[in-house]
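Protein chains in written order, with our numbering: chain A, 1 to 243; chain B, 244 to 699; chain C, 700 to 917.
These are calculated hints, taken from the structure and not from any lab test. Hints should not be assumed to be uniformly reliable.
[Said to hold, decoys possible] Below, in silico cross-link-like pairs of lysine to any residue (SDA-like), each with a Cα-Cα straight-line distance of 20 Å or less:
hint : chain 1 : residue 1 : chain 2 : residue 2
1    : B       : Lys-638   : B       : Ser-656
2    : A       : Lys-37    : B       : Ser-656
3    : C       : Lys-724   : A       : Gln-90
4    : C       : Lys-875   : B       : Arg-322
5    : A       : Lys-182   : B       : Arg-635
6    : B       : Lys-325   : B       : Gly-341
7    : B       : Lys-618   : A       : Lys-182
8    : B       : Lys-690   : A       : Val-20
9    : C       : Lys-724   : B       : Ser-306
10   : A       : Lys-224   : B       : Leu-684
11   : B       : Lys-659   : A       : Asn-146
12   : B       : Lys-520   : C       : Arg-765
[Claimed, not checked] Stretches of chain B that chain C covers, calculated by requiring three or more beta carbons in the stretch to come under 8 Å of a beta carbon on chain C:
hint : segment
13   : 308-321
14   : 373-386
15   : 400-409
16   : 426-435
17   : 491-497
18   : 519-527
19   : 536-547
The model shown is predicted, which means the values in this text are computed figures rather than measured ones. Glycine residues also receive a C-beta, built at the ideal position from the N, C-alpha and C atoms.
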Amino acid sequence: MKVSLFVTCLVDQLWTSVGVSSVEVLRRVGCEVEFDKRQTCCAQPAFNTGYLDEARPVARRFIEIYEESKADAIVSPSGSCTAMVHHYPQLFAGDPEWLPRAQAIAAKTHELSSFLVRVLKVEDVGASWQGRLTWHDACHGLRDLNLKSEPRKLIRNVRGAEFVELEHADACCGFGGTFSVKYPEISVAILDQKIDAIERAGVNAVVSGDASCLMQIGGRLSRKGSKVKVMHLAELLAADARG
Amino acid sequence: MNHLSSETFDQNAKAALADSHLRGALKNATSLFGERRKAAAASLPNWEDLRSEARAIKDDVLSHLDRYLLEFVGNAESRGAKIHWARDAAEANSIICGLALERNARTVVKSKSMTTEETHLNDALEAAGMQVVETDLGEYIIQLAEEPPSHIIAPAIHKTRGQIAELFNAELGMPLTDDIARLTSTARATLRDRFAAADVGISGVNFAIAETGTIVIVENEGNIRLTTSLPRIHIAVMGIEKLLPRFADLDVFLKLLPRSGTGQRLTTYQSYITGVKRQPSDEGPEELHVVLLDNGRSRMLAHPVTRQSLACIRCGACLNACPVYQQVGGHAYGSVYPGPIGAVITPQLMGIQKAAQLPFASSLCGACREVCPVKIDIPRLLLHLRAEISPRQGKLSERLAFKMWAQVMMRPSLYKLSSVVGRVMQRFFPVSKAWTNGRDLRPIESKSFHELWSNE
Amino acid sequence: MNNVARETILKSIRSHLAASASYDKQEVSHGFPRMNADQNPSSSVEICGQFKASLEAVDGHCMIVRSDNEIAQALTNIIQGGRIAISDNPEVERLLQLTDLEIEELGIAPDAHDIFRFDVGISTVQAAIAETGTLVLDSTRERHRFVSLVPPVHIAIVKASQMYRTLGEVLTLIRKDKEVSPAVTFITGPSRTADIELTLAIGVHGPQELYVIIDEVS
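Work the whole structure out from these sequences, hints included.
Structure, rendered in structure tokens:
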């Protein structure tokens, strides 16, 4: 199976180990991974803030780049970016040229855990990690992509990891893109509910499928001097006995 | 009455976040409401099918609204109801005040109606010299407190029992108590006389049935039954979108509304009112007037995304599920319709300029869409409104920043100069302080993933 | 004047719907299936027992009896006497006379001015719904609109033959009339509110207590 990685601008700039881990996991389960260096962004920031005229050219660029790929699937370690690509048909509604192209690319684009469990039918990637951890359901992954059981199946097969279900795991972390800086006080108030639940869970790490949520959660945990680490699902799955 | 404005949502929200009483009340109320709704929905194995069916019915009504409205009007009029059409809030208030004054009414009893809050009917009636008594317990409380409602179905949810006790003590001379049953029975006793003496009863409408000309109103307290059966004149106020095509459609909506609103299988009372009584000696009002209010609703029909706003059955489930509402409550929105549905209908009803912040006051988490009994895609609506607002009214610095962002994202060579991007974004769109006031910022990697891949 | 408003509103509706047409075509049709909403599995639980359980779940009281004398006995257990308002169904007065209650004042369908004096209201019903514990009152068939609303206690006498399983069936029944009755009321338990701190309080504006006596044998 040949996979083209969409690493996302956030991971590219701020959290490269997520990208590195994604590649490692995909290779470990037998995929050939290609990376098109022309990739930049899925256009979500502009789309979500209401700047569709700016979002469209960037989305077209994404479509063009990946149309040239011979890979079987486009895989991304981000639920929100994947959901954005799935919204491309909406962005090009009524456009006779771009709508079918958008639909085709959207159909080929998968979030990492969804790709592993639903497409490759793999639930055990041979990972091991010692400690107690919990899972935060990132909103787009959960509600747009219906990801709920898939990440949990993958986590439960990580040797040595003790998984506890987080209270209100599906509650928003308060990031919401530009919302986090347009209404920072509300964003942090929402975030603190998540932080309280994490602290009550008594875990060593909180895992999620979206780096944006992890930045939000991690940023508050470290500000509060917490010892709890944040970890992306890809990083957890790439972990093995070597650490 | 002290109304906060939608235009100062950010300040309102900050003040709400600093109010620990409010936050405690909100936490209890929204989590209780949420649990009860969830349990009630789970008790119906075909819940999802019911939602789909309800949405299909509403889509049909809204796509043919003029036809169904005329069918309703024809049937209601043939049964003796008088129909009044109101283009906007001022016209509705004027019609209602006119009806009351013509009949020398002095006292008006009201049951809870969000539509009359929307038009500020009470202010108009009082200005016309009438005494208005809100009879729904929650509405009565906020009327005494001179506050607007903070939730669509539980208007006084932001008040603790202690605050209500102090209010009743100050306004009614009731000795302080934190016994909720005693507070309730005081309200009952105080309001009893007002029903008997009232000349006019004003209610809202939950559903209007086109096929029969029936209006349906649901409640738990009994004040709606009293308001609509004791006074000689009953005036019912409804938004034009409240229609259902057939009597039988009520089966679906009566399964969804109580469960979504309060977690009940059925509210205590439903009143099905069709025209006026057949004999003068029968029990009930002599006159029934139905006021049909547009006030911006017809405009929302112009696009499928905005049209779904009108499917709302005012259950309040989205408020309880919303992480933003849970933190700041209803008053911050500066509108009688707060929360997720309020964030989308307030700009459409009041005009985008008056409520431009509201569509942005959301993390787009989608919890609202999950609980909406008629499957309104509120996140999609929020994005639709943002796309209307930003290009025209967004801050110049923000519009420029996104134009630059697009140019950068189109050119891999430019994109690779990521520190440039970071600096540009920060200069035109200050990220750091808004972020770093509460959270540590993750540093930009010294080598991007692109660069790491090159080194493979 | 109002015709101008009417025409303006209708015109606004029509023109905005017309404007929507091109966007409607672009929307992916969700194809919601139209279905018979009443698809809950039909209960095999005995119907009067189901009503009783449903009503008790919402703080109503329910007695199932098998004769007029048992109805009278049930009334005696509930009422101590006092001022009683009854509907104009002669059945109610007849059953009340079977008791030996000392009634201070008996009002037959008192009007809006007088009804507030009474302690208890007694009526029959036109139908009942087992799955929800609901009473169905049609004000054209019996004068019980105030009797069932104003006094703090309401007693309803139901015949088993009036019992239906589902709300949907009763909606169909109501609709069968050539002209739907001007005032139909559904009652499910005593009045309640949770407006103060979401804490349940029973007995607000409507009756504080509801008793339903079901005659199983009728």
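Now for the hints, and whether the structure bears them out:
For a cut-off of 20 Å, the pair hint linking B:Lys-638 to B:Ser-656 is broken: about 28 Å separates their Cα positions. Taken as a hint, the A:Lys-37 and B:Ser-656 pair is honoured in the structure, with Cα atoms around 10 Å apart against an allowance of 20 Å. For the proposed pair C:Lys-724 and A:Gln-90, the alpha carbon gap of about 13 Å is at most 20 Å, so the pair holds. Between the alpha carbons of C:Lys-875 and B:Arg-322 the distance comes to roughly 16 Å, so the proposed pair stays at or under 20 Å and holds.
Among the hinted pairs, A:Lys-182 with B:Arg-635 is consistent with the structure: their alpha-carbon atoms are about 18 Å apart, no more than 20 Å. Distance check on the hinted pair: B:Lys-325 and B:Gly-341 sit about 14 Å apart at the alpha-carbon level, within 20 Å; holds. At roughly 28 Å between alpha-carbon atoms, B:Lys-618 and A:Lys-182 are farther apart than 20 Å, so this suggested pair is violated. This hinted pair checks out: B:Lys-690 and A:Val-20 have alpha carbons roughly 12 Å apart, not beyond 20 Å.
Taking the CA atoms of C:Lys-724 and B:Ser-306, the gap is near 13 Å; set against the 20 Å cutoff, the hint holds. Between A:Lys-224 and B:Leu-684 the CA atoms are separated by roughly 13 Å; this keeps the pair inside 20 Å, and the hint holds. Note on B:Lys-659 and A:Asn-146: the hinted pairing is violated, with a Cα-Cα distance of about 33 Å set against a maximum of 20 Å. For a cut-off of 20 Å, the pair hint linking B:Lys-520 to C:Arg-765 is broken: about 36 Å separates their Cα positions.
Proximity of the segment 308-321 of chain B to chain C, defined as three or more residues with a beta carbon under 8 Å from a beta carbon of that chain, is established by the 4 residues found. Counting residues of the segment 373-386 of chain B whose beta carbon lies closer than 8 Å to any beta carbon of chain C gives 5, which reaches the threshold of three, so the coverage claim holds. Chain C is given as covering the segment 400-409 of chain B, and this holds because 5 residues of the stretch bring a CB closer than 8 Å to a CB of that chain, at least three being needed. Here's how the segment 426-435 of chain B fares: 7 of its residues keep a CB closer than 8 Å to some CB of chain C, so the rule of at least three is met and the hint holds.
Here the segment 491-497 of chain B counts 5 residues with a CB under 8 Å from a CB of chain C, which clears the bar of 3, and the coverage holds. Proximity of the segment 519-527 of chain B to chain C, defined as three or more residues with a beta carbon under 8 Å from a beta carbon of that chain, is established by the 6 residues found. Only residues whose C-beta sits within less than 8 Å of a C-beta in chain C count toward coverage, and the segment 536-547 of chain B has 8 of them, enough to reach three; the restraint holds.
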